[in-house]
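Q: Sequence:
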Amino acid sequence: MSLAEEIKRVLLENPDILVEVIVSKPEIIYEALARTLPWQNLATKQDVEETRKALKQDIEEAKRALKQDIEETTRALRQDIEEVKRAQEELRREIRQISTKLDALGARWGVLSEDAFREGVRELLREAGYAVEKWLYYDGDGYVYGYPSEVELDVVVRDGVTIAVEITSGLKRGDLITVKRKAELYAKTTGKPISATLVITPYINDRNPAYVKAMAERIGIKIITPGEPP
1 MSLAEEIKRV LLENPDILVE VIVSKPEIIY EALARTLPWQ NLATKQDVEE TRKALKQDIE
61 EAKRALKQDI EETTRALRQD IEEVKRAQEE LRREIRQIST KLDALGARWG VLSEDAFREG
121 VRELLREAGY AVEKWLYYDG DGYVYGYPSE VELDVVVRDG VTIAVEITSG LKRGDLITVK
181 RKAELYAKTT GKPISATLVI TPYINDRNPA YVKAMAERIG IKIITPGEPP
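Position 53 of the sequence shown, counting from 1, maps to 53 under full-length UniProt numbering, and the rest follow consecutively.
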């Protein structure tokens, strides 16, 4: 028996030896494949390394692109927030101006009818640069009052900001829900979002005016009365 045949016999009878050799020296498999297959069909170590580098580069580029997108989005959000803050501050300033002028109008309340008071407030809003619109709508579903009725609401607009304004000679706590529903009905039927809801009145007809103001704030309504800072 030749040496080659003897080695073959030993390996066949003891396959564990072959497994240990392959595990310890896997390049034996690669060399065997190289003898049986065209060399160009096999990936070399250089091919594997180049693929690894290319993959790593793609990952790094994707990470840089994602980071850039996040930074740009963050900058845009910060800019939007600053614009909203400026708009809110401008609105507060103009409300303070209206409140100051309302002091003088409220002092004359004793000789003014409610219609005259409302028109006086509308004029103050026009002087502040707002377009004042009286919105009339027939609420057939009874959303505002619980039964079909005509709904009236003053709406002022400036620079794309829409504000619902309820002008009344005296405010009761039960009126707040009505005002809120009026603003909601306006937004629903016109498709125009309301930026703020105001109630302008010379008098809060309640034993606890502070509670009425707190209640109004909880449902998103700002009450403006003469003689008090907005």
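Derived by calculation from the structure, the hints in this document are not laboratory data.
Heads up, a few of these hints could be off.
[Claimed, not checked] No farther apart than 30 Å at their CA atoms in a straight line, the calculated lysine-lysine pairs in the DSSO-like style are these: (1) K134 x K67; (2) K53 x K67; (3) K192 x K180; (4) K222 x K172; (5) K56 x K222; (6) K134 x K222; (7) K134 x K85; (8) K85 x K67; (9) K134 x K63; (10) K192 x K85; (11) K53 x K63; (12) K222 x K180; (13) K56 x K67; (14) K134 x K172; (15) K222 x K188; (16) K180 x K85; (17) K134 x K192; (18) K67 x K222.
Q: Do the alpha carbons of K134 and K63 lie within 30 Å of each other, as the hint requires?
A: 55 Å, violated
Q: Quickly compare the C-alpha distance for K56 and K67 to 30 Å and report which way the hint goes.
A: 17 Å, holds
Q: Is the straight-line distance between the alpha-carbon of K222 and that of K180 30 Å or less?
A: Holds, at about 11 Å.
Q: Are the Cα atoms of K134 and K172 separated by 30 Å or less?
A: Roughly 22 Å between the alpha carbons, so the hint for K134 and K172 holds.
Q: Are the Cα atoms of K192 and K180 separated by 30 Å or less?
A: Holds - the C-alpha atoms of K180 and K192 are around 15 Å apart, at most 30 Å.
Q: Between the alpha carbons of K222 and K172, is the straight-line distance 30 Å or under?
A: 14 Å, holds
Q: With a cut-off of 30 Å on the C-alpha distance, tell me whether K67 and K222 pass.
A: 42 Å, violated
Q: Please work out if K53 and K67 have their alpha carbons no farther apart than 30 Å.
A: Judged against 30 Å, a Cα distance of about 21 Å means the pair holds.
Q: Given the hinted pair K53 and K63, is their Cα-Cα distance within 30 Å?
A: This hinted pair holds, its Cα atoms lying about 15 Å apart.
Q: Taken at face value, is the distance from the CA of K188 to the CA of K222 at most 30 Å?
A: Measuring from Cα to Cα gives roughly 21 Å; hence the hint holds.
Q: Does K222 sit within 30 Å of K56, going by the straight-line distance between their CA atoms?
A: Given that 30 Å is the threshold and the Cα spacing comes to 58 Å, the pair is violated.
Q: Is the hinted pair K134 and K67 satisfied, with a Cα-Cα distance of at most 30 Å?
A: Distance ~50 Å between K134 and K67 Cα, so the pair is violated.
Consistency note: the structure conflicts with the earlier hints numbered 1, 5, 9 and 18.
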